[in-house]
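Line by line, the protein sequences give chains A and B.
Numbered per the numbering used here, the first sequence spans residues 1 to 193.
Numbered per the numbering used here, the second sequence spans residues 194 to 333.
No lab work stands behind these hints: they were computed from the structure.
Each hint should be verified, as a subset may be incorrect.
Computed list of lysine to any residue pairs in SDA-like fashion (alpha-carbon distance at most 20 Å, straight line) [what the hints assert, rightly or not]:
hint	chain 1	residue 1	chain 2	residue 2
1	A	Lys171	A	Glu153
2	A	Lys171	B	Arg225
3	A	Lys9	A	Arg60
4	A	Lys9	A	Gly38
5	A	Lys171	A	Glu144
6	A	Lys9	B	Arg206
7	A	Lys9	A	Glu42
8	A	Lys171	B	Arg206
9	A	Lys9	A	Leu20
10	A	Lys171	A	Ser160
11	A	Lys9	A	Asp39
12	A	Lys9	B	Arg225
13	A	Lys9	B	Leu207
14	A	Lys9	A	Gly64
15	A	Lys9	A	Glu19
16	A	Lys9	A	Tyr70
17	A	Lys171	B	Ile228
18	A	Lys9	A	Asp45
19	A	Lys171	A	Ala159
20	A	Lys9	A	Gln86
21	A	Lys9	A	Gly68
22	A	Lys171	B	Arg229
23	A	Lys9	A	Arg53
24	A	Lys171	A	Pro182
25	A	Lys9	A	Ala59
26	A	Lys171	B	Gln202
27	A	Lys9	B	Arg229
28	A	Lys9	B	Ile228
29	A	Lys9	A	Asp81
30	A	Lys171	B	Leu207
31	A	Lys171	A	Gln120
32	A	Lys171	A	Ser131
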Amino acid sequence: MDERELIRKSQAGDLRAFELLVLERRGQVFRIARQILGDDEEAKDVAQLVFIRLWQSLARYREGGSFGAYLHRITVNLALDFARRQGIRERAGERDFAGLEETVAAGGGAGPEMEPGEIQRIFRILSRRLSPRQKAAFVLREIEGMSTEEVSEILGMRASTVRNHVQAARKTLQEGLRRLFPEYARGEVGGRK
Amino acid sequence: MAGGPDPSQLFRRLAGEEPPEEFWAGFWPSVRAGIREAETRPAGFLTRGRALLLGSSAGVMAAAAVLVAAFLVVPVRRAPGPGETAVTALPASAPPAGETSPPPVLEDLRSASARVYTFEVGGPEDSTDVILIVDESLDI
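For reference, chain A alone in the conformation it holds in the complex (with noise of 0.2 Å):
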């Protein structure tokens, strides 16, 4: 059963044709949200509160439309309000890399053979200095590779505004990469680049 067949029937009020829609798709919404969030766990909760989101508001849906798009729009937009209630960027000492040094310390920098999870702990420590919207144009253009216009629909801006944001989230994470990793940044790290 192809995507286009899941979403009619979901649409109809079948909970199995949607249970596979989630299955489909649990894990692109994960990964966006955990790149928004820094937190697995808290990743996993607003992934379920996408679906719940999506199934009440699937009869809005309109075929023809992106269903991507329509999805990761309620994914970014849950796990940003998240976000701010968590006051996760607001959190002592992590605004500015003289404060993320310490949490670099913490769990050493990036070493020589670096792992899928220690590169998801770099990203981790370095978005906290994008804004929300910075960081979401990031995720979704550059780590999810998306177009430009997916992620302009997606977040509701232009995309030009989308391309502003994205440049800005490169060079504030390549100074922080610089500063916190040089090891990286002098290519001592296997593999890379």
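Got chain A; can you put chain B on it based on the hints?
Only chain B this time, still in chain A's reference frame:
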């Protein structure tokens, strides 16, 4: 971006990362439970945001009380301006000698343009009346 590490290239590797299967244990049952819970709420009843806005019944009653107090206190002794509705204040007075009557009314405020709305919010077991008094002639 020249001459430095490329964050896009580095963090793109996160795209393919999937948590292990056991991470998803209980995920669908929780979603299904959330759906059922949402569906068993009274039709059209509060979304999460509205619930937060309304808060507790005590909060609603406090807001209603402020509205009522504003209505009762503000218009006293204010002369009605052009186009405004007169507010009648009855002075406390003793009844004429020889007449028997109920205890005197100390103060009775009325406004012909005031409208009173009573809403019942909440579920069948936790309903609260919200009283809204609207009087466009009041200058609060």
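Going down the list of hints, with the structure as the test:
no., hint, verdict
1, Lys171/A x Glu153/A, "violated (23 Å)"
2, Lys171/A x Arg225/B, "violated (42 Å)"
3, Lys9/A x Arg60/A, "holds (14 Å)"
4, Lys9/A x Gly38/A, "violated (34 Å)"
5, Lys171/A x Glu144/A, "holds (18 Å)"
6, Lys9/A x Arg206/B, "violated (34 Å)"
7, Lys9/A x Glu42/A, "violated (30 Å)"
8, Lys171/A x Arg206/B, "holds (18 Å)"
9, Lys9/A x Leu20/A, "holds (11 Å)"
10, Lys171/A x Ser160/A, "holds (17 Å)"
11, Lys9/A x Asp39/A, "violated (33 Å)"
12, Lys9/A x Arg225/B, "holds (16 Å)"
13, Lys9/A x Leu207/B, "violated (32 Å)"
14, Lys9/A x Gly64/A, "holds (16 Å)"
15, Lys9/A x Glu19/A, "holds (11 Å)"
16, Lys9/A x Tyr70/A, "holds (17 Å)"
17, Lys171/A x Ile228/B, "violated (42 Å)"
18, Lys9/A x Asp45/A, "violated (25 Å)"
19, Lys171/A x Ala159/A, "holds (18 Å)"
20, Lys9/A x Gln86/A, "violated (36 Å)"
21, Lys9/A x Gly68/A, "holds (17 Å)"
22, Lys171/A x Arg229/B, "violated (45 Å)"
23, Lys9/A x Arg53/A, "holds (17 Å)"
24, Lys171/A x Pro182/A, "holds (15 Å)"
25, Lys9/A x Ala59/A, "holds (11 Å)"
26, Lys171/A x Gln202/B, "holds (13 Å)"
27, Lys9/A x Arg229/B, "holds (18 Å)"
28, Lys9/A x Ile228/B, "holds (16 Å)"
29, Lys9/A x Asp81/A, "violated (30 Å)"
30, Lys171/A x Leu207/B, "holds (19 Å)"
31, Lys171/A x Gln120/A, "holds (18 Å)"
32, Lys171/A x Ser131/A, "holds (13 Å)"
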